[in-house]
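Trainee: If you want the building blocks of each chain, they are given just below.
2 protein chains.
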Amino acid sequence: MIEIERKFLVNNNSFLDDFSRSNRIVQGYLSSHPERTVRVRIKGENGYLTIKGKSEGFSRYEWEKEIAIEEAEKLLQLCETGVIDKIRYDVIVGTHIYEVDVFYGENEGLVLAEIELQTEDETFEKPNWLGTEVTEDVKYYNSYLSKHPFKTW
Amino acid sequence: MIEIERKFLVNNNSFLDDFSRSNRIVQGYLSSHPERTVRVRIKGENGYLTIKGKSEGFSRYEWEKEIAIEEAEKLLQLCETGVIDKIRYDVIVGTHIYEVDVFYGENEGLVLAEIELQTEDETFEKPNWLGTEVTEDVKYYNSYLSKHPFKTW
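Just so you know, the sequences run in chain order V and P. Quick note, the first sequence lines up with residues 1 to 153 if you use the UniProt record's numbering. Quick note, the second sequence lines up with residues 1 to 153 if you use the UniProt record's numbering.
Hint data in this document are derived by calculation from the structure and do not stem from the laboratory. Any given hint could be a false lead.
Identical copies look the same in the list; a pair holds intra-copy or inter-copy alike.
To be verified - Keeping only pairs whose Cα atoms sit at most 20 Å apart, straight-line, the calculated SDA-like set for lysine to any residue is:
#, residue 1, residue 2
1, K65, L76
2, K74, E35
3, K65, Q77
4, K54, I42
5, K74, E64
6, K74, E62
7, K74, Y48
Please put together the full structure from these sequences, using the hints given.
Mentor: Okay, structure coming up:
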């Protein structure tokens, strides 16, 4: 399906006052090519395999299947070097959910917020902790961060 | 799981006298890297996503899931250039099945036979049409052929 997502920097930690749940995410890439990323993810107790196509504006083709966590662990071992480790906080704001990712390891210091929309022109509430939009900046793709971590910028 | 497979050239077409079934296969690669190939395949009426690790001798880690044919068609559009088109003949020889692939398109003229084994030292019957072994020659990997087709050799 086509996913429509917008991504922002985060100005401060006040989102932590309002999050509804959080999950540890560890993910690696079998392909980090921006036109065909293949991602292996462990989120909490679940495994996922996700394939994404090229971005066009705020939209990107995305295919995802849940897989057994044991299979995800095996596939993570095949991945390119540069595993992403982060905690994702779900924060409900108005009628939307922001997913706020706090990165660790080589990307420590980076915090990003993402919101999924139904249409490209859908409006949404912007909380005070939301910073600059970086949707179209490939530097903030997790696939890019896995190769060029935030600490090396 | 770990797959143990051996691959051979094919000397002549006499395998066609004995095949039990055949399927058209069209496949592309989201990653053609030999340490982490990600293959999208349509075989007959079914779709498959397959991930393979690095070869070690005759063995290679392989993960495969059946997916909807419509999803496979979408994912094929994301693949690297160089789609593989072939007909696979299943040929029973003794207690084993040889999968004989007759290639078309840019790989026309190439015919390869593969046999799956339970152990690395398992013995198996070699029919008269079976040629030179090429198991460890990466040139005959389908992922390599997708980039460097047989007609260009």
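Trainee: Does each hint hold? Answer for all of them.
Mentor: Hints and how they fare:
no.	hint	result
1	K65 x L76	both (15 Å within a copy, 17 Å between copies)
2	K74 x E35	between (24 Å within a copy, 13 Å between copies)
3	K65 x Q77	both (19 Å within a copy, 18 Å between copies)
4	K54 x I42	neither (23 Å within a copy, 22 Å between copies)
5	K74 x E64	both (18 Å within a copy, 13 Å between copies)
6	K74 x E62	between (22 Å within a copy, 10 Å between copies)
7	K74 x Y48	both (12 Å within a copy, 19 Å between copies)
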